[in-house]
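**Q** Below, each chain spelled out in residue letters.
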Amino acid sequence: MTSETVTVYVDGDPVDVAANASAAAAALQAGLGYTRTCPITDEKRAPYCMMGICFECLMVIDGMPSRQACMVKVRPGMRIDRQLGPRKLQ
Amino acid sequence: MSKTFDFLVIGAGPAGMSAATVAAGLGVSTVLVDEQPAPGGQIYRNVEAHAGDTRGVSVADWQRGVTLVGEFRASGAIYRPGTQVWQLDAPRDGSCMVYVTDGEQADVLRARRVLIATGAMERAVPISGWTLPGVMTVGAAQILYKTTGRATQAGTWIAGSGPLLWLFAAQALEAGGKIEGILDTTPRINYAQALRYAVPALRNHAYLTRGLALQARVKRAGVPIVKDVGAIEAKGDGVLARVRFRMRGQWQEVQASTLLLHHGVVPSVHATRSIHADHRWAPVQRCFVPVVDEWGNTSVDGYAAAGDGAGIVGAEASARKGQLAGLEAARALGTIDRARRDERAAPVRVELERHLPIRAFLDQLFTPRAGFFAPADDVLVCRCESVTAGRIREAIGLGAMGPNQMKAFTRCGMGPCQGRMCGLPAAEIIARERGMAMDEVGLFNVRPPLKPISLQELAALPE
Numbered sequence: 024m025t026s027e028t029v030t031v032y033v034d035g036d037p038v039d040v041a042a043n044a045s046a047a048a049a050a051l052q053a054g055l056g057y058t059r060t061c062p063i064t065d066e067k068r069a070p071y072c073m074m075g076i077c078f079e080c081l082m083v084i085d086g087m088p089s090r091q092a093c094m095v096k097v098r099p100g101m102r103i104d105r106q107l108g109p110r111k112l113q
Numbered sequence: 008m009s010k011t012f013d014f015l016v017i018g019a020g021p022a023g024m025s026a027a028t029v030a031a032g033l034g035v036s037t038v039l040v041d042e043q044p045a046p047g048g049q050i051y052r053n054v055e056a057h058a059g060d061t062r063g064v065s066v067a068d069w070q071r072g073v074t075l076v077g078e079f080r081a082s083g084a085i086y087r088p089g090t091q092v093w094q095l096d097a098p099r100d101g102s103c104m105v106y107v108t109d110g111e112q113a114d115v116l117r118a119r120r121v122l123i124a125t126g127a128m129e130r131a132v133p134i135s136g137w138t139l140p141g142v143m144t145v146g147a148a149q150i151l152y153k154t155t156g157r158a159t160q161a162g163t164w165i166a167g168s169g170p171l172l173w174l175f176a177a178q179a180l181e182a183g184g185k186i187e188g189i190l191d192t193t194p195r196i197n198y199a200q201a202l203r204y205a206v207p208a209l210r211n212h213a214y215l216t217r218g219l220a221l222q223a224r225v226k227r228a229g230v231p232i233v234k235d236v237g238a239i240e241a242k243g244d245g246v247l248a249r250v251r252f253r254m255r256g257q258w259q260e261v262q263a264s265t266l267l268l269h270h271g272v273v274p275s276v277h278a279t280r281s282i283h284a285d286h287r288w289a290p291v292q293r294c295f296v297p298v299v300d301e302w303g304n305t306s307v308d309g310y311a312a313a314g315d316g317a318g319i320v321g322a323e324a325s326a327r328k329g330q331l332a333g334l335e336a337a338r339a340l341g342t343i344d345r346a347r348r349d350e351r352a353a354p355v356r357v358e359l360e361r362h363l364p365i366r367a368f369l370d371q372l373f374t375p376r377a378g379f380f381a382p383a384d385d386v387l388v389c390r391c392e393s394v395t396a397g398r399i400r401e402a403i404g405l406g407a408m409g410p411n412q413m414k415a416f417t418r419c420g421m422g423p424c425q426g427r428m429c430g431l432p433a434a435e436i437i438a439r440e441r442g443m444a445m446d447e448v449g450l451f452n453v454r455p456p457l458k459p460i461s462l463q464e465l466a467a468l469p470e
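Chains as they are written, first to last, in our numbering: chain P, 24 to 113; chain F, 8 to 470.
In case anyone wonders, no lab produced these hints; they're calculated from the structure.
The C-beta atom is built at its ideal place from N, Cα and C for all residues, glycine as well.
One should not assume that every hint holds.
As a list, the in silico DSS-like pairs of lysine-lysine whose alpha-carbon atoms are at most 27 Å apart [unchecked claim]:
{"no.": "1", "chain 1": "F", "residue 1": "LYS234", "chain 2": "F", "residue 2": "LYS185"}
{"no.": "2", "chain 1": "F", "residue 1": "LYS458", "chain 2": "P", "residue 2": "LYS96"}
{"no.": "3", "chain 1": "F", "residue 1": "LYS234", "chain 2": "P", "residue 2": "LYS96"}
{"no.": "4", "chain 1": "F", "residue 1": "LYS458", "chain 2": "F", "residue 2": "LYS185"}
{"no.": "5", "chain 1": "F", "residue 1": "LYS185", "chain 2": "F", "residue 2": "LYS226"}
{"no.": "6", "chain 1": "F", "residue 1": "LYS185", "chain 2": "F", "residue 2": "LYS242"}
Reference excerpt, derived from the structure (chain P facing chain F, CB under 8 Å, subset only) [to be verified]:
{"no.": "7", "residue": "GLY54"}
{"no.": "8", "residue": "THR64"}
{"no.": "9", "residue": "CYS72"}
{"no.": "10", "residue": "ILE76"}
With the hints as constraints, model all of the structure from the sequences given.
**A** Next up, the structure:
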């Protein structure tokens, strides 16, 4: 396995993750627990399928809301933040 | 880059890569688009990172994957990774329009033939608490393992049924992961019913031998295995804390920080359904599959489907079905004639036959427990819109005739996943409540965009 890592910022905190990881994997590795709250019920939710099917991992990535975090590969310096409730209109 | 091709393949798993390799090798102008950053699909995900591996439970799989990826990369087919398809149009003037986005800009590609090789997804079986953080699928945990090397942590329970469950458990243990226990939901009766398919399955006993070896490995590691588990619930306040399960009528409860669920895989039919291809209900596998001929042609002109997305056959058979679809594309495009296609296909079909006898056995052994399709009223079926089984039943009681009317009543299937997750379980509930056959019930209609797309991405689209 490759041991190459990159540093990303999960909710502001730096974390080193495998260069092949997705943003969702980085959030899980950082111990973020929940990655969004449900816009309907406000319940805490976290990535479920990790392969682009369930859309449970919607997060704010580099300021862009509602990204499928499991489908976005990490880049050095990437900011990965929880998405709370429905996405905010910019 | 040119945007007009003879052959466009969607998906870089075994079927898609094999089809593209064969077609490009025959001189067909071929492009392959795939969502992932690297080729391999889910089964061979990130496989190039394992090129140097020489040992381990999956080394033979990874070698096969590395070979397929190598052949594909050398084939001359154009490869567009990180590309999602959001709309497929019926052919006009002999070419199909395929709308894609790379996450920043939308684009439209034209091709005379399209192969949909979008693979499988894990069957969604709604249980109480399955939306709690800490609950995910076995496939999700395997993707974490394949891309980051991360194994399972203390407090991990695995529940469900199917070959992937045992493969992943063995992989996780090998990687130093912890598994507190496995809750095997395979109904006892399945073993007896699968027995009559065991003799044909022995024609290629490598599958059976390997399956048994994986189970033995997990047992040898001392992981407790609870058999014949009839129901599972995830419990916790905002995060998973406990797993409850029922075995022979008795409920038990264990502490847990991670629950990995697996109930087999079903074809991902979102793309094939979006083009209104004919689908049929497969009663043993309990899923819808696109109707295709022996070359993968769907009922829609210009569109073919191959691999697990056209009916679950596994990675090796999928690669062969991809090759057949690649040959058929070359024939349909006039690059080779019928005789040449058949000549090239003959050895592929011989190989394909080696990998199919196991399927009837596996399908029967792992056919899901009937009770899983009747979730209690308080269980969320639609995760996106938080719609419970009870509300679906209420809508049916109020006269909703099928999935689409029920969706209008409840918003079930109207969230970002567009019914990919809840489509099957919701249809199962409707079939039960109304006493209808699954073929009659069907699934939600699929409408573009197949993936959410921003106005900013859309603005980049040419006129």
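**Q** Does each hint hold? Answer for all of them.
**A** For each hint, the structure was consulted:
1. Restraint check for LYS234 (chain F) and LYS185 (chain F): satisfied, since their Cα atoms lie roughly 19 Å apart, inside the 27 Å limit.
2. Restraint check: the Cα-Cα separation between LYS458 (chain F) and LYS96 (chain P) comes to about 17 Å, which is no more than 27 Å; the hinted pair holds.
3. Straight-line distance between C-alpha atoms of LYS234 (chain F) and LYS96 (chain P) comes to about 38 Å, which puts the hinted pair past the 27 Å bound.
4. Taking the CA atoms of LYS458 (chain F) and LYS185 (chain F), the gap is about 36 Å. The hint is violated against a cut of 27 Å.
5. Taking the CA atoms of LYS185 (chain F) and LYS226 (chain F), the gap is about 13 Å. The hint holds against a cut of 27 Å.
6. The hinted pair formed by LYS185 (chain F) and LYS242 (chain F) meets the criterion: a straight-line CA distance of about 20 Å does not exceed 27 Å.
7. At its closest, the beta carbon of GLY54 (chain P) sits 10 Å from a beta carbon of chain F; the interface hint therefore is violated under the 8 Å criterion.
8. Here the hint on THR64 (chain P) is kept, as its CB sits about 5 Å from the closest CB of chain F, short of 8 Å.
9. With 8 Å as the threshold, the beta carbon of CYS72 (chain P) comes within range of chain F, its nearest partner Cβ sitting at about 5 Å, so the hint holds.
10. The restraint placing ILE76 (chain P) at the interface with chain F holds, with a minimum CB-CB distance near 5 Å, inside the 8 Å limit.
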